[in-house]
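A.B. asks: Protein chains in written order, with my numbering: chain A, 279 to 560; chain B, 279 to 560.
FYI, nobody ran anything at the bench for these hints, they're computed from the structure. Some hints here could point you the wrong way.
Each pair may be met inside one copy or between any two copies, as identical chains are not told apart.
[Unchecked claim] Think about it this way: if two alpha-carbon atoms lie no more than 25 angstroms apart in a straight line, the pair counts; the simulated SDA-like pairs of lysine to any residue are:
1. Lys336 / Tyr418
2. Lys370 / Arg529
3. Lys365 / Asn380
4. Lys546 / Ala359
5. Lys336 / Gly437
2 protein chains.
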Amino acid sequence: MSELCYFEGKFMPVEECRIPVTDMLIQRGVGTFESIRIYNGRPFGLTPHLERFENSVKTAGINTSEIDIKKIETIIREGLARDDCPKEGMVKPYMTGGDINNPKGHFPKPRFFMIFAPVASAKTQDEIDNGIALLPNRMYRPNPLVKSINYLFGLIPLGQSDGSYFESVYVTPDGEFTEGMTSNFYLVQGNKIITAPVGKVLKGVTRGIVLTLARENGFEIEERCPRESELAKADEAFITGSIKEIVSVVRVGDTTIGNGKPSPIARKIQDLYTANRSRWLE
Amino acid sequence: MSELCYFEGKFMPVEECRIPVTDMLIQRGVGTFESIRIYNGRPFGLTPHLERFENSVKTAGINTSEIDIKKIETIIREGLARDDCPKEGMVKPYMTGGDINNPKGHFPKPRFFMIFAPVASAKTQDEIDNGIALLPNRMYRPNPLVKSINYLFGLIPLGQSDGSYFESVYVTPDGEFTEGMTSNFYLVQGNKIITAPVGKVLKGVTRGIVLTLARENGFEIEERCPRESELAKADEAFITGSIKEIVSVVRVGDTTIGNGKPSPIARKIQDLYTANRSRWLE
Numbered sequence: 279m280s281e282l283c284y285f286e287g288k289f290m291p292v293e294e295c296r297i298p299v300t301d302m303l304i305q306r307g308v309g310t311f312e313s314i315r316i317y318n319g320r321p322f323g324l325t326p327h328l329e330r331f332e333n334s335v336k337t338a339g340i341n342t343s344e345i346d347i348k349k350i351e352t353i354i355r356e357g358l359a360r361d362d363c364p365k366e367g368m369v370k371p372y373m374t375g376g377d378i379n380n381p382k383g384h385f386p387k388p389r390f391f392m393i394f395a396p397v398a399s400a401k402t403q404d405e406i407d408n409g410i411a412l413l414p415n416r417m418y419r420p421n422p423l424v425k426s427i428n429y430l431f432g433l434i435p436l437g438q439s440d441g442s443y444f445e446s447v448y449v450t451p452d453g454e455f456t457e458g459m460t461s462n463f464y465l466v467q468g469n470k471i472i473t474a475p476v477g478k479v480l481k482g483v484t485r486g487i488v489l490t491l492a493r494e495n496g497f498e499i500e501e502r503c504p505r506e507s508e509l510a511k512a513d514e515a516f517i518t519g520s521i522k523e524i525v526s527v528v529r530v531g532d533t534t535i536g537n538g539k540p541s542p543i544a545r546k547i548q549d550l551y552t553a554n555r556s557r558w559l560e
Numbered sequence: 279m280s281e282l283c284y285f286e287g288k289f290m291p292v293e294e295c296r297i298p299v300t301d302m303l304i305q306r307g308v309g310t311f312e313s314i315r316i317y318n319g320r321p322f323g324l325t326p327h328l329e330r331f332e333n334s335v336k337t338a339g340i341n342t343s344e345i346d347i348k349k350i351e352t353i354i355r356e357g358l359a360r361d362d363c364p365k366e367g368m369v370k371p372y373m374t375g376g377d378i379n380n381p382k383g384h385f386p387k388p389r390f391f392m393i394f395a396p397v398a399s400a401k402t403q404d405e406i407d408n409g410i411a412l413l414p415n416r417m418y419r420p421n422p423l424v425k426s427i428n429y430l431f432g433l434i435p436l437g438q439s440d441g442s443y444f445e446s447v448y449v450t451p452d453g454e455f456t457e458g459m460t461s462n463f464y465l466v467q468g469n470k471i472i473t474a475p476v477g478k479v480l481k482g483v484t485r486g487i488v489l490t491l492a493r494e495n496g497f498e499i500e501e502r503c504p505r506e507s508e509l510a511k512a513d514e515a516f517i518t519g520s521i522k523e524i525v526s527v528v529r530v531g532d533t534t535i536g537n538g539k540p541s542p543i544a545r546k547i548q549d550l551y552t553a554n555r556s557r558w559l560e
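This is chain A alone, in the form it adopts within the complex (with noise of 0.2 angstroms):
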């Protein structure tokens, strides 16, 4: 099933929606957008990801009076009722600066547009059977709090590589991993499962989940940097994301995780995520 798009109230194939050159997005990377998992035609972890949509609009500079929340959740219901849209997949709302270039950083005329793709699997059967490398992107990443489109610079090192990772991790001058470039980022060791906090990194979703989740099942969580010291050492890593949900990491750069094959808890967090899917459905 191919992309549908929603845009000037309108639901059309995604080839027929484009945006002006002018746009803020296309000018200076002033765009916002989520990407929300539908699991049979439901939106998965709805309210946080909206929650969190907004707040991105509002730190962009973007006009939040132009962002009703219930609106949009309201044409994402309109768009999955259709049988033209894909009903395992993903939503991705998208809010931009808009037309008028205020170089004050003030975005007051918004254009929004939405887009449903669908999703054949979260990952390959190799990712899962084998599991990722990640490569280190020696660099902060600004304003993590805010999903943005400004993904280039998780980009070019990894088109610099040799092609062997799934995606660029972040890490700071001091060695602190802070998430991947589309994902939170979790060393383990023993019982314990370590991610950075919050506002060091983005809010992510599926990160608040797995944490919850991890907790009711008796697993301590420390919420701080992993560091690059401690890779060698680690049991395991694994990274989440809406999308990909939970995948393990058997590598980091050169360095080896664990046995360098995926593991038990990496596993366990995902049946549970699994097992569980329905409390966050909306």
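Guided by the hints, dock chain B onto chain A, whose structure is given.
C.D. replies: Relative to the frame of chain A, chain B by itself:
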């Protein structure tokens, strides 16, 4: 005179130029561009701008076999020869990641468009008479050699400020000034002009010309980052850019520069820049 666009082999009013929301510029910020000043229908510093453009495209992982500098130059000349093209203005070629979402950071099918826009004045009379203020933005600019559309992180602090600032200026956590959001930054101390070296900052075309003119006219140049601790004792500060040319900086954050008024060396550099314009018109 309104803006003109070149897209998919045709010239058109800018309002008609729209790109698909599937483009990787819109999805992931994969977009590079240049702003080239046009004086009386002739491009200024065209060759260094197009060389930099090619380098940005390449570093961003965009397929360079799709970029032909000679062809872009021909399109610029064709545009400038048209009656509906602004003769005092700027031309902005863009190369985007195109519609193929390759998560590994390679973009095989880029999209190209170009905007010709009028520039009424490089800066306001008030900015010329009274100088401007810059807002310190405490972060490293990622990949400074790539001129990309990812400006959001320079705009956010500006949108949260009191509105008195012309733009933000990057300063590292150790107190080194690198560059303005859309400019290069200079401190003046006696006969010495201090500015960050290329690599720590974008290879500014105006920067190169200004340093050439300054050297020719007996100024000493120090290519190193101006330090925060040097601001209060500096005689002058200024920024440069292709569109704004040279602008006096009279305040950085809360620190007044010199006597708080536009001062003689920035003015002298601007006069040299204007007087020598024909050397870089192509």
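A.B. asks: The structure should be examined with respect to each hint, and the outcome stated for every one.
C.D. replies: So, going through the hints one by one against the coordinates:
no., hint, result
1, Lys336 / Tyr418, "both (22 angstroms within a copy, 23 angstroms between copies)"
2, Lys370 / Arg529, "neither (30 angstroms within a copy, 42 angstroms between copies)"
3, Lys365 / Asn380, "between (39 angstroms within a copy, 24 angstroms between copies)"
4, Lys546 / Ala359, "neither (33 angstroms within a copy, 66 angstroms between copies)"
5, Lys336 / Gly437, "between (32 angstroms within a copy, 10 angstroms between copies)"
Violated hints, in rising order: 2 and 4; the structure is consistent with all others.
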